[in-house]
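In the order they appear, the protein sequences are chains Y and Z. The first sequence begins at 1 in the numbering used here and counts up by one. The second sequence begins at 261 in the numbering used here and counts up by one.
Honestly, the hints are just simulated from the structure, not real lab data. Predicted, not measured: the structure shown is a model, and the values here were computed from it. Fair warning: there could be bad hints in the mix.
Stated by the list, open to error - From the structure, some residues in chain Y lie toward chain Z, with a derived Cβ separation under 8 Å:
#1 L39
#2 V58
#3 P96
#4 G98
#5 Y120
#6 D131
#7 R138
#8 D215
#9 H231
#10 W236
#11 A243
#12 A247
#13 T250
#14 A253
#15 A255
Claimed, not checked - Here are the simulated lysine-lysine pairs, DSSO-like style, with alpha carbons at most 30 Å apart:
#16 Y:K24 / Y:K150
#17 Y:K159 / Y:K184
#18 Z:K478 / Z:K349
#19 Y:K159 / Y:K24
#20 Y:K150 / Z:K387
#21 Y:K24 / Z:K550
By construction, the Cβ of each residue, glycine as well, lies at the ideal position given by its N, Cα and C atoms.
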Amino acid sequence: MAITGFLTDSTLCIGCKACEVACKEWNEVPSDGFVFSGLSYDNTVALGHSTWRHVKFVECEPVIGHGGNSGAQVTWEFSSDVCKHCENAGCLEACPTGSIVRTEFGGVYVQPDVCNGCGYCVVTCPFGVIDRRPDDGRAFKCTFCYDRQKFGEQPACAKACPTGSILFGDLEAMQAAADARIAKLHGEGMTDAKLYDARDTSVGGTHAMFIIRGDERAYNLPRNPEVPTVHLRAAWTSAAIAAGAIALGTLVAFAIGGRK
Amino acid sequence: MKVPTASSEAQLEQLRREAELNGRVDRPGIRPAGSPFPQATSENGYYGLPLLKPPVWTWEVPTYFFVGGMGGAAAVIGAMARISGADPKLVRDARWAAAVAANVSTPLLIADLGRPSRFLNMLRIFKPQSPMSVGAWIVAAFGGASTAAIIFPRRLADLFAFTSAALGLGMSTYTGVLLGATAIPVWSEHKRLLPIHFGASAVASAASTLELMGNDQKALHYLAVGAAAVEICVTAPSHPLIRLGGILSGPVPLALRLIRGRSSRVRRAAALISLAGSLITRFAWVAAGKENARAYTAATDRVDDMRSGSENRNPIPQVSSER
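For reference, chain Z alone in the conformation it holds in the complex (with noise of 0.2 Å):
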């Protein structure tokens, strides 16, 4: 048998407060298991479940981002090597190196497709508001003329590797308006930054490629060391990929140039360095929209905008500090 007290009567006196001034009393126990029960609010969302549709791109489509970079950027090097006279070696492996990249980008295009045996419904329209249709067109172009500018003799050589080359110069940025002009924060964020950053990782890889196929000229020295330094200028979002990308494309590479660029070998070394760099950017921006469109919710939504607030004069009410 218990007696009351004074402390058991004032707990009693204590629950009732409680109970009148917040209208409910919880303590371990009273609250069934697993509660509060998730509640939909303007602060997570609905249930923080995710607004939008994560990138459905798989390996092909940074990969891809990566050679055809390259490829643009080489055909581009090619035309100027060949306009300044430069070594006909150099003229020769820039234009292959065009090939080759515009002839791997087009299959891994079509491997991404969720159905690529209609790849060429690609070509139906050309949609100037639709960067992947500037793009297909673009790769398509690029295709041709930088493999006619290998098969083809002299003149009409030079003639599609110059059309290449202005292609090219697409080859390497669009990839940036492509991401930019999308739903997902990350990118949309970025659109400014993203074609130049993929414009100047497209140098330094194309650089790296020709320096690695035995040209040694100042040129593609030059333009490694510019390429490095925009990317260091580069003001990405914190995510690991994207900046061990960024440390391999910016300073390590233009270290190892500025320091000791007169030794081939370490031109070599910083060439290779800048190619995993490249390519490793292009999957680091690729994972971070995935994990972006993962995380967001319409309650993460940056822009705090004009429609409601003031017509809001019942606000749902914010979930209970406990969870």
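Next comes chain Y alone, as it looks inside the complex (with noise of 0.2 Å):
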């Protein structure tokens, strides 16, 4: 099998949220909740354990001309987020019961009959993507339409992406993609152009990439994610010699005051 990736493109997102409602109505997910952030158009807010697709709408301040656009227009750029699928995943190496696996196609995804919502995966997504459903009790997120590659077919958000922002593919063909596209923008004059794979990173590169302009920390991306089993080492250690000094001044204590 194909090891598959999304490139998402922010360049060509026009903020539809097409994605967001293929997402909700493929896989069944139920409502979660209807409120009014007042960020921007974007009313999702986040990627939860209900919301595996998410718009941003990274409003920035007006600068005319910024980043190789006409004089008459301003920087105001849309990205739909999505599970980074890491290839280091935190969520993954962290589930007790195993119920998180790999797929065949190299996507993170959650086994519901086996998850028992023990919430170990959410502190250990450096992205803040996996969530407990509270009425549920299990760890919900994008399955990389696990069901539908099953199928040969491409994930409901890509399918029903109207401008090709959303593309799905062999990874490889993905990344190439990517470079061919950011390329093609710096050679237009869009040089904050770039691409988020979060491959420098102990994250060691993720299966959902994204070409995003300018800073990522505007789109809620961070810099420096680490999957936290970096550190298992230091924090085993530390436990180990804990457990030493316990068992070693519990010894002297008793040597020195065992008797009344």
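Make one complex out of these two single chains by using the hints.
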């Protein structure tokens, strides 16, 4: 089976939210509230247990001609966020039940019939994607449309996208497409376009990549995401030292003060 | 009818210069109400919205950290007391403390699950890279061993008690790893501290529990003094609850024990205060993690890393200072 990937291109996104709707409809994800955030056109606010695609409306301070725009335009980016399907996935490493697995397509998938809702994946995702659904008790996130991929179909969001902003295909082809697209944008003068795939971090790259403009932090994408397993060595070393000290300390305490 | 004056014309000139210079003129009422609108910037991230999801754990988890840690350290104390030939009452009390704690811990952990009926799924696999998986196996084995240690007679009881003591070392420290190896910055930044912090807290609470059960061996007093001394050295983040837990775990019981340690009433008071401190400490760390996750955005990322910067020739401009 081919390893697949998403390439989400914010320079092509028109903010229509077809991906959000397609995702909700295909995956039968429940409603997660009806709120007015007041933050640009984004009332979805964040990815979560019942939001697996989320269109961000990255409204920036207007600067005329910014990043290769014509003189009359200002910067206002739309970017459809999704689970990153990390190469080194924090949630997958942390899951104690083996509910979270790597599929044959390279995606990170939560098996709903195994998850017991321990909540450890929630605190080990460096992108704040996965969450526990309160009324259900289990953890949910983007499945990479594992069911659709089984039938050779592309994920619902990619299929519904009207502008080609969400591309889906072979991971390596997506990486090549990203490089070509960025070279083209740079050639056209949009010099702030870049790829976000966390390749140079301990996350080791993501299967969902993003073409964004300017600073990733404005998109709430961390500059240096870390898979929490990098902390294991130091933490367990410390635990071993603590355990040794407890054993030794107790032994000494009883050697000198065991009898009354 | 107004008459143009030198000052009125100078004001108009001034407005034109300002407009030419800045591209806009800001005055009260000129910008729409509520402006400037929220901006996504490199400084406040995506409208200041949090990046991470806060822990979903409720009161059961910090309570378990406290009870489980106490039980683990009590098992260690029981084994050492047995080896050193201390009073059999102390050995028996320590084993009971460990067994009761283990049998309170398991229901607490099951109750915290989103799907409690599936708690056995924890034992489907063993995953060394998941502190939750390692912990689940430690809790399960500790529960079995410490319960067996109070059920079976002499030799077998000793065997199980020593097994439960070995597992108890894990019980009282692994919870620090559980918090440390996460994406929550306030936890992962203290990954080296937490196992030691929680371990000392566990020893203090076990020694205190045994003292309150009517054991007044010097060894328990020494252990409590040592644990309180370690707690004083802990450099925790300045969170009000963590600080309160720290004061009740460190300086207060240490001072009481060093000044009037001969009095068993003072020792019991110190023991009660230590127990409160230990419990508050665990709740405080979980609360601090929740607050940290809610406040943390991509823009508050600690690490200035290598990825961008140079390639970022046209950085998104920062929000104007008038916010």
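Here is what the structure says about each hint:
Annotation: Y:L39 was flagged as interfacial toward chain Z, and the flag holds, the nearest CB pair being 4 Å apart, inside 8 Å. Restraint check, Y:V58 versus chain Z: the minimum CB separation of about 4 Å is within 8 Å; hint holds. The beta carbon of Y:P96 is positioned within 8 Å of a beta carbon in chain Z (closest approach about 4 Å), and the interface hint is therefore held. Taken as an interface hint, Y:G98 checks out: its beta carbon lies about 4 Å from the nearest beta carbon of chain Z, inside 8 Å.
Using the Cβ-Cβ criterion of 8 Å, the hint placing Y:Y120 at the interface with chain Z is satisfied: the shortest such distance is roughly 4 Å. With a least beta-carbon distance of about 5 Å to chain Z, the hint placing Y:D131 at the interface is held under the 8 Å criterion. Interface hint status for Y:R138: upheld, as the beta-carbon distance to the closest one in chain Z is roughly 6 Å, under 8 Å. At a threshold of 8 Å, the smallest CB-CB gap from Y:D215 to chain Z is about 4 Å, leaving the interface hint in force.
Taken as an interface hint, Y:H231 checks out: its beta carbon lies about 4 Å from the nearest beta carbon of chain Z, inside 8 Å. With 8 Å as the threshold, the beta carbon of Y:W236 comes within range of chain Z, its nearest partner Cβ sitting at about 6 Å, so the hint holds. Hint status for Y:A243 relative to chain Z: holds, with the closest Cβ pair at about 4 Å, below 8 Å. With its C-beta approaching chain Z no nearer than about 6 Å, Y:A247 sits inside the 8 Å limit, and its interface hint holds.
Hint on Y:T250 holds. Least Cβ distance to chain Z is approximately 4 Å, under the 8 Å limit. Hint on Y:A253 holds. Least Cβ distance to chain Z is approximately 4 Å, under the 8 Å limit. With its C-beta approaching chain Z no nearer than about 6 Å, Y:A255 sits inside the 8 Å limit, and its interface hint holds. The suggested pairing of Y:K24 with Y:K150 holds, with an alpha-carbon distance near 19 Å, which does not exceed 30 Å.
Restraint check: the Cα-Cα separation between Y:K159 and Y:K184 comes to about 24 Å, which is no more than 30 Å; the hinted pair holds. Distance restraint check for Z:K478 and Z:K349: the Cα-Cα separation of roughly 15 Å lies within the 30 Å cut-off, and the hinted pair is therefore satisfied. Taken as a hint, the Y:K159 and Y:K24 pair is honoured in the structure, with Cα atoms around 13 Å apart against an allowance of 30 Å. Taking the CA atoms of Y:K150 and Z:K387, the gap is about 28 Å. The hint holds against a cut of 30 Å.
At roughly 28 Å between alpha-carbon atoms, Y:K24 and Z:K550 fall within 30 Å of each other, so this suggested pair holds.
The structure is consistent with each of the numbered hints, conforming to all of them.
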